[in-house]
Each structure stands twice: as structure tokens, then as C-alpha cells.
Amino acid sequence: MLQVVWEAAISSSLIHPNICQTYHYRIKPVKESARPCREMDNFGSGVVVSEHSSSKPRFSIRTDTERNSGSTGSEEVHSYEVHLVLEYCDRSSLRDALDAGAFLAPNGLNYAAQLDCAMDVAKAMLHLHCNNILHLDLKTRNILLSSSGAEGKGVICKVSDFGLSVRMDHLETHVSSLFQGTMTHMAPEVMLKGTCSKASDV
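For the sequence shown, the residue numbers in full-length UniProt numbering are 1 to 202.
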């Protein structure tokens, strides 16, 4: 739940042609009466997102006792649904394009198209890092392609999926003890020490 909320908060604050835009998000409380089955009552303590109008969601921990005390049943909020409205990218992901051989030319590799994609991703990451945001899961599956009428490769690359992203304080140079990401794409310092920085992000 926390990752989805942070994804909505971070991605909706970013506007850049090489970033998949979040147009709208909504956090909807799910009441007790909407539970699909009674087994939900057996869950332990959970994380609750408070509904305050602020740029950052507030989080608190609710225990079983707090969850059950004074409840009339139908009015108790037991979880939240997060709805995201994202920019539509009609050409799937960069991973799918690579698997389909989209960057192959009759005489070898299409280096111009590859460099165009690399520039798109670099521009997106520069925008993130200028806003002190670490993506923390950059990979070809998280780079979406959208049709472009411009000359060249015919598509524009857009960085997406901010579920693992974090925003650093403007004085911070890195985040410590944060072991997350896709194993095949993690920098050595992230895997060994959990040290995440702008350098490890790319």
C-alpha cells in the first residue's frame, strides 16, 4: 500500500515529455461492509493512510485492538484502494521492442535509434535527479514507448513505474540501508550496502 501511495504522490508531481505522466489519482477508503469475506478479520495490524489535504500522505499504524474497538461494522475503514490515471503509451515497453528486434537494421544495429532512446531516458533521469528523486528500479520493462510524429525512431521513450522511488532531502547525497530494486539491474553498492544515490540510479 505504501509503495502505491508514494508512486501516486511522486509521479503526479512530475511533468516531463520523457516521463509517463500521472493525470489523476484517488485514494478511496474501503468500508467494513465492503469486505469480500470474513477471513479479512484475521489480519493483524496494518498501515493506514490518513485523509489530509497535503502534498505528502500521512501514515499511522492501527492495531487489532484499535481496529475492532468501538466499531459498528459498516462504517469502519479497513483498507484503501488507489486508482491511477496514467498517460497512454501505445507502443508497449522498451523490453518488448528489444525482444521484437525493433532496433535491428538490415546491416546490423540501428545505432541512431538506440542513441535516441538513451537520450530520452537520460533526460528523464536528469529531471528526476534535479528534483532529488531516485527512481530505484530503472530497467527496460519500466521504459514505455509512445508514438511520435517526429523524424527518427518514430517513438518517444518515457520512464514509468515509481513504486520504489524515494525523494531525498535537498542536503542528502544518498539513502542508506535501502535494499530494493530488480536484482539484475541493481548497482553493487545497493546490493551490498543498501546505499542508493543518483549515481547508483543510472
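Some hints here could point you the wrong way.
Stated by the list, open to error - Listed next, with one range per pair, are the computed distances between beta-carbon atoms: (1) SER13 / LEU98: 37 to 43 angstroms; (2) LEU126 / THR182: 18 to 24 angstroms; (3) LEU178 / ALA105: 36 to 42 angstroms; (4) PRO106 / THR173: 42 to 48 angstroms; (5) THR173 / LEU115: 43 to 49 angstroms.
Think of the hints as simulated: they come from the structure by calculation, not from any bench.
Small disclaimer: the values here were computed from a predicted structure and weren't measured.
Each residue gets a CB set at the ideal place from its N, CA and C atoms; glycine is no exception.
*Against the earlier hints, flag every one the structure doesn't satisfy and list their numbers going up.*
1 and 5
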